[in-house]
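Trainee: Sequence:
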Amino acid sequence: MIRITAIVLASGMGQRMKADKLQLKLKDKYMYEYILETIKGYDFYETLVVSKNSAILKRAKELGYVGVENPRYYLGKSKSIIAALRKAKDTDGYMFFVADQPFLKLSTIERLCNEFKKDPTKIILPYYNGVDGNPVIFPSCLKEELLKLEYDQGGRVVVYRNLDITLGVDIKTDYENMDIDTPEDYEKALEIVENRYVE
56 MIRITAIVLA SGMGQRMKAD KLQLKLKDKY MYEYILETIK GYDFYETLVV
106 SKNSAILKRA KELGYVGVEN PRYYLGKSKS IIAALRKAKD TDGYMFFVAD
156 QPFLKLSTIE RLCNEFKKDP TKIILPYYNG VDGNPVIFPS CLKEELLKLE
206 YDQGGRVVVY RNLDITLGVD IKTDYENMDI DTPEDYEKAL EIVENRYVE
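Numbers 56 to 254, taken from the numbering used here, label the letters of the sequence shown in order.
Just so you know, these hints were derived from the structure itself, not from any lab.
A couple of the hints might just be wrong.
Calculated lysine-lysine pairs in the DSBU-like style (CA-CA distance at most 35 Å, straight line) [what the hints assert, rightly or not]: (1) K113 to K203; (2) K144 to K227; (3) K132 to K177; (4) K80 to K144; (5) K84 to K227.
Per label pair, the in silico range of CB-to-CB distance [claimed, not checked]: (6) E199 to D229: 33 to 43 Å; (7) N250 to K142: 31 to 41 Å; (8) E249 to E205: 32 to 42 Å; (9) E249 to G223: 27 to 37 Å; (10) K82 to T176: 32 to 42 Å; (11) N169 to R141: 38 to 48 Å; (12) N250 to P126: 34 to 44 Å; (13) E239 to A110: 19 to 29 Å; (14) Y206 to E249: 35 to 45 Å; (15) T237 to E199: 31 to 41 Å; (16) K82 to E117: 15 to 25 Å; (17) E117 to L222: 31 to 41 Å; (18) E246 to R141: 33 to 43 Å; (19) N184 to E124: 18 to 28 Å.
Since the structure is predicted, the reported quantities are computational estimates derived from the model, not experimental observations.
Just so you know, even glycine gets a beta-carbon here, dropped at the ideal spot from N, CA and C.
All chains, full assembly: derive it from the sequences and hints.
Mentor: Below, the structure is given as structure tokens:
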């Protein structure tokens, strides 16, 4: 049985938003709750949520996830990745999610995981209408390389170093790849929710 661990990165500083974007609401839910609830629908081996925010960690634990506190969030994205990897159990793959991608579908998660299970030595990278995005699955053989990330380096650095083992998966979608980085993004997300493009 191929084990896949989900890691949700929820420590962003929201500098372009000039606010803690994960605490913004989309209809009746906080932004981060969308992804936490969506991944509940897949049978991950383990799910970890990394955050500086006690409310997010509390909600993660209520859902049965492992909360990982990241007090060094201000040192960059790499610290969240490293904190999660150090806390995670041994596994075959790590699927990294971002908490500001609320419209990701369970069917997309299932498709990416199925591709990884066919060959758990591959990096699985989604392409939404030709644009690479999240979540990305890394095989456990790359754990040490991920642990060497520094400052604001993310997993893309490891992807670009290992293109020979990277499998791109094409996904046709209108909004799944949307992450909320600016006030304009937030306004668009509110419009999507109000028009019932998502449940």
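Trainee: To test your reading of the hints: which numbers does this structure violate?
Mentor: 11 and 19
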